[in-house]
Amino acid sequence: MDCRLFNTLVDDIARGCLADEEIRKAATNHAEACLSCARRLAEAERLTLALRQFAASVGALQAPPEVEKTLRIRFAQQRNLAQWHRRRQRLVLGAVAAAALLAALSVFLLLKSGGMRQNQPEVSITRPIVKAEKEMESTPADRSLVASARAGEKTGRQAARANPRNAVELEEGFIPLPYGEGSPAPAEEQVIRVRLPDSILEEIGLPAPNGPAARYVTADVLLGEDGIARAIRIVQ
Amino acid sequence: MREQAECSDGDLLRRMQAGDEEAFTAIYRRHQGGIYRFAFHMTGSPEIAEEVTQEVFMTLIRHHEQFDPLKGSLQAFLFGIGRNHVLRYFERERDYVSLDSNDFDGSYVSSDNLEAVAADPLSELTREEAATQVWDAVMSLPAIYREVVVLCELQEMSYAEAAQLLACAVGTVRSRLHRARGLLLSKLKTLRQVSSGLNS
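Chains as they are written, first to last, in my numbering: chain A, 1 to 236; chain B, 1 to 200.
In short, the hints are calculated from the structure, not lab data. Treat the hints loosely; a few may be bogus.
Restricting the straight-line Cα-Cα distance to at most 20 Å, the calculated cross-link-like pairs of lysine to aspartate or glutamate (EDC-like) are [what the hints assert, rightly or not]:
1. Lys189/B <-> Glu45/A
2. Lys69/A <-> Glu21/B
3. Lys25/A <-> Glu43/A
4. Lys69/A <-> Glu55/B
5. Lys69/A <-> Glu22/B
6. Lys25/A <-> Glu45/A
7. Lys69/A <-> Glu51/B
8. Lys189/B <-> Glu43/A
9. Lys71/B <-> Asp11/B
10. Lys25/A <-> Asp12/A
11. Lys69/A <-> Glu47/B
12. Lys189/B <-> Glu93/B
13. Lys71/B <-> Asp9/B
14. Lys69/A <-> Asp20/B
15. Lys69/A <-> Glu50/B
16. Lys25/A <-> Asp2/A
17. Lys71/B <-> Glu161/B
Just so we're clear, the structure is a prediction, and the values are computed from it rather than from any experiment.
Chain A extracted, bound-state conformation (with noise of 0.2 Å):
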């Protein structure tokens, strides 16, 4: 061992922590055959009880007992505000669980309720329509019926009563309906809107659309004032 490896060794040799013995030996032999070397392990001896016996003096140094006295209050207020925390914590969980609970039940009941509607043609009445004679006047043919009917015995309510399909076919792209043929031509007649399950247009004589058979159809339907169904006219 030469000086300058024993100089990077004398600190742990001093503090009795070098923990290889045969370097240790190495170094005490290296600091008996050195005069510098031994002057220099000496005062890192020295300078280690120094040390020591500072560190043993000021060992029963201890924090003031107020700060333990402090710190019990902090620690009680931090758990008290803790678990305060935590019952809000719950208690907003509660009320989210609870509005995500009333949610999801009204989500279920429109559900439901649309479902039930879903089965059920849908109605809405779109406009009236009042066969008028002015009205009726609209093609020539109706306007010579009319012409025809006030000229001769019969009233133009007549003629129409008289040729029904020509009321009928006054709405463009109606359809006339079967069990509506024949029936008297009403003086008034409603156009409704309906939405239907595509399998009543086979019912009544019409090729379904192709597609699932959950499709449903929109229509007008003309009804006289009497109710009856006179012609239809799919809207989609």
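Since the structure of chain A is provided, determine the placement of chain B on it from the hints.
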């Protein structure tokens, strides 16, 4: 309380987390001395040491979930918090030696500061010349060296424990301590020369 003195830090901490005040008190009593002494030796001020000790345990109360036993012991965790507070104190007190300074510039907290704390047990110690000289020499060290002396010599921590606390390599602690001890020897020689000159 005797039962709690036998409990491990982990058990006490779990009970403390559940709101057990006695467990907290046991942790405090177990570790406050070391932290107080560390802060006192680093700053030379009993008031600051008291403040640091209080802050360390307040942090434990408020943020105990930050302690991860896999990363180190509770003692190292508490010392780490204490060290951060001490470093903040040094930052505030610009009169002190820079932490990055590697040169011994002779600036230190005088032992006169100790006389200001007459009520402190250390004031008894300062009556002894040797202890005063060691104290003065330790306080004269730049903070980067002072903390390894405080941890390894005065707190009797191993190199590995100090390295964990300082978040550096064991070799760094060892080399800093070597340098610090050299500086202490120089300072003690100077102080003895002054002392013997005054006595003669």
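Status of each hint after checking the structure:
Between Lys189/B and Glu45/A the CA atoms are separated by roughly 14 Å; this keeps the pair inside 20 Å, and the hint holds. Distance restraint check for Lys69/A and Glu21/B: the Cα-Cα separation of roughly 12 Å lies within the 20 Å cut-off, and the hinted pair is therefore satisfied. Between Lys25/A and Glu43/A the alpha-carbon distance is near 19 Å, which keeps this suggested pair within the 20 Å criterion. The suggested pairing of Lys69/A with Glu55/B holds, with an alpha-carbon distance near 14 Å, which does not exceed 20 Å.
The hinted pair formed by Lys69/A and Glu22/B meets the criterion: a straight-line CA distance of about 12 Å does not exceed 20 Å. For the suggested pair Lys25/A and Glu45/A, the alpha carbons sit about 16 Å apart, so the restraint of at most 20 Å is met. With a CA separation close to 14 Å, the supplied pair Lys69/A and Glu51/B stays within the 20 Å bound. Taken as a hint, the Lys189/B and Glu43/A pair is honoured in the structure, with Cα atoms around 10 Å apart against an allowance of 20 Å.
At roughly 17 Å between alpha-carbon atoms, Lys71/B and Asp11/B fall within 20 Å of each other, so this suggested pair holds. The straight-line distance between the Cα atoms of Lys25/A and Asp12/A is roughly 13 Å, inside the 20 Å bound, and the hint therefore holds. Pair hint Lys69/A plus Glu47/B holds up; C-alpha atoms about 16 Å apart against a cutoff of 20 Å. In summary, the hint linking Lys189/B to Glu93/B is not supported, as the alpha carbons are separated by about 28 Å, beyond the 20 Å threshold.
Distance hint between Lys71/B and Asp9/B is fulfilled; the C-alpha atoms sit about 14 Å from each other, no more than 20 Å. Between Lys69/A and Asp20/B, the direct Cα distance comes to roughly 15 Å. Compliance with the 20 Å bound is thereby established for this hinted pair. Distance hint between Lys69/A and Glu50/B is fulfilled; the C-alpha atoms sit about 13 Å from each other, no more than 20 Å. Between Lys25/A and Asp2/A the alpha-carbon distance is near 13 Å, which keeps this suggested pair within the 20 Å criterion.
Proximity of Lys71/B to Glu161/B is assessed by CA-CA distance (about 12 Å); at most 20 Å being required, the pair is judged to hold.
The structure does not agree with numbered hint 12 stated previously, though it agrees with all others.
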